[in-house]
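There are 2 protein chains.
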Amino acid sequence: MHDCIFCKIVVGEIPSEKVYEDETTVAFLDISPVTKGHVLVVTKKHFKDFLETPVEELEKCVKTIKKIAPKLMVALETDGFNIGLNNGEASGQVVKHLHFHIIPRHDNDSLRMWEGQAYQENEMKDYGDKIRKFTIEL
Amino acid sequence: MHDCIFCKIVVGEIPSEKVYEDETTVAFLDISPVTKGHVLVVTKKHFKDFLETPVEELEKCVKTIKKIAPKLMVALETDGFNIGLNNGEASGQVVKHLHFHIIPRHDNDSLRMWEGQAYQENEMKDYGDKIRKFTIEL
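Here the protein sequences line up with chains A and B, keeping their order.
So that you can map any letter, position 72 of the first sequence is 390 in our numbering, and since no number is skipped, the others follow by simple counting.
So that you can map any letter, position 27 of the second sequence is 345 in our numbering, and since no number is skipped, the others follow by simple counting.
Just chain A, with the same shape it has in the complex (with noise of 0.2 Å):
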């Protein structure tokens, strides 16, 4: 897509530290990382969220993570990872390309990716009752 900075990534008409390509997706460094290591995982094609992209896309997305993250591990003796996906604006997500991101983790990095809260009475009944309405379909 004409003005996708990833899209560039992907052709190589914007530098980046690839590690790792295939014929459908490629992986690179975030250049502004949670954690140092930081890998992004891009499809090929342009896809503006995930959401838009067709499934047999996200699974070949899975597959390069499931490559890649292992790898991680031992090159930056880590001792874990947080997968990442943000679909739309609310979420975080930045640039509209569909990508995944894998963040490299230690023991007592001190990061805390998020924090649990509590549901009222009944509330989480409700909320199951509301999803369900729309799910039962499936």
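If you are wondering where the hints come from, they were derived from the structure by calculation, not from laboratory data.
Only a predicted model underlies this, so the values are computations on that prediction, with no experimental measurement involved.
All the pointers check out, no bait thrown in.
As the list makes no split between identical chains, a pair holds if one copy fits it or if it spans any two.
Okay, derived cross-link-like pairs now, DSBU-like style, lysine-lysine, Cα gap no bigger than 35 Å in a straight line: (1) K448 x K354; (2) K354 x K336; (3) K326 x K443; (4) K381 x K451; (5) K362 x K385; (6) K448 x K389; (7) K336 x K326; (8) K326 x K363; (9) K385 x K451; (10) K354 x K326; (11) K326 x K414; (12) K443 x K385; (13) K385 x K414; (14) K336 x K451; (15) K366 x K326; (16) K443 x K363; (17) K385 x K366; (18) K362 x K326; (19) K448 x K381.
Following the hints, complete the assembly by docking chain B onto the known chain A.
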């Protein structure tokens, strides 16, 4: 697996707000949601984490997320969502049974998942080199 809380949820030994189920996956509400309506997608079979889960089972989870996420958007009138997976205690993984998080998001909900940092000069290339030593064989 004998002592796994998610295995017990899968078979109904522990109650949960299930919102979707098929032959290989189950989706239910997280009891400690980051945002209300936060859903977990798990494999029915027990796998400790992402690294231990066969890619076919991961793909089934992705298919389930792909089905559920748009329904969540409609049901909860949200503007986006985050998908997350934590691998290993260092990453914040609590229950040792593979699970993906789907976290509904609203515009201006003031939640910030993570913060990027900057690489020092040449540091990004060094990280790329470190990782490529191991990904070159893929």
